[in-house]
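Using the sequences plus the hints, can you model the full thing?
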Amino acid sequence: MMSGVDGGGRRSRDDGNGVIMREGGGRGIESRRREISRRLKEISERQRMRRMKSAMRRRHHMVASAEIERISNLLAIPDRIKEESLLIYQEAWNHDLIHGRSIERMVAASVYAACRKHNVPRTLEELEKATKVARKDIMRACKILAGRLSLRLPPVSPLEYVSRFCEKLNLREKVREKAEEIVRAALERNITSGRGPTSIAASAVYIAAMLCGDRQTQKAVAEAAGVTEVTLRVRYKELAKKLQINV
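For the sequence shown, our numbering gives the first residue as 96, with consecutive numbering after it.
In case anyone wonders, no lab produced these hints; they're calculated from the structure.
Any given hint could be a false lead.
Computed list of lysine to any residue pairs in SDA-like fashion (alpha-carbon distance at most 25 angstroms, straight line) [stated by the list, open to error]:
(1) Lys177 - Lys238
(2) Lys177 - Glu220
(3) Lys212 - Trp188
(4) Lys263 - Pro216
(5) Lys269 - Met305
(6) Lys227 - Glu199
(7) Lys177 - Ser245
(8) Lys224 - Thr326
Here is the structure:
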C-alpha cells in the first residue's frame, strides 16, 4: 500500500487495488449530515407552523360563524346577508385584518358592512345591543374593512329605516306611507344633510303617527330607533318647522 500527500495537503493512500482513499473525507460527510439535519428541522418547523395557523384559522372561523349566526337570528337578518357577513370576515382574515383586533368587533363590523352593502336597514344601535360592542368601535372597524377590502358601502338613506321602525311600533301602513312622504320632502329640501339617518327616520315616524291619529310616546319611538329622546325631540321639531307641518 502506498501513501502520499495531494495538492491540497490531504493524505491519500492506495489500498492496493488502485483505489485512492483520502483521509479527512469523514469530516465532509459529517458536515453534509448536519446540513441535511438542519434543513429537515426547518421543513418540520414550517409544517408545524402551517398546521398551527390552519388550526387557528378553523377555530376563529367557527367562533365567527357562530357569532354571525347568533346576531343574524337576533336581528332577523336574511340568510344572504348572513353569508355575505361571513365572506367579508374571511376576506378580512386573509388580509390579516383580524390580528390584534377582537373577533367580536370585526364580526359586528362585517355584519354591519354586509347590511350596508345590500341596503338592509340595521342600525349601529341595534348591532351595539346585539354584540355589546360600542357603536364607535363598530364604525371604526367597518371603515377599516371598507378601505382595505375595497367594499362599496352606499350612504344610508333615512327611507331605509322607516318600515323597520313602523314594524317595531306596530303602526299602520298609512303611517309608514306618511313617514316616507315626510322623509322624501326632507331629502328634496336637503334638510337631512349632516343629520343621522336614524334620527330623521324616527322623527318622520313620530310626526306621521301624530298626523294619522296613531300617537306614540317619544320614549317608544326613540327606543325603536335607538336614539335618545332628546335627539328625537330636537329633530322632529326641526323637521316640522322646516316642512311647515303643524303637529
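Hints, verified against the model:
no.: 1; hint: Lys177 - Lys238; result: 19 angstroms, holds
no.: 2; hint: Lys177 - Glu220; result: 18 angstroms, holds
no.: 3; hint: Lys212 - Trp188; result: 19 angstroms, holds
no.: 4; hint: Lys263 - Pro216; result: 13 angstroms, holds
no.: 5; hint: Lys269 - Met305; result: 12 angstroms, holds
no.: 6; hint: Lys227 - Glu199; result: 9 angstroms, holds
no.: 7; hint: Lys177 - Ser245; result: 19 angstroms, holds
no.: 8; hint: Lys224 - Thr326; result: 19 angstroms, holds
The structure shown violates none of the earlier numbered hints.
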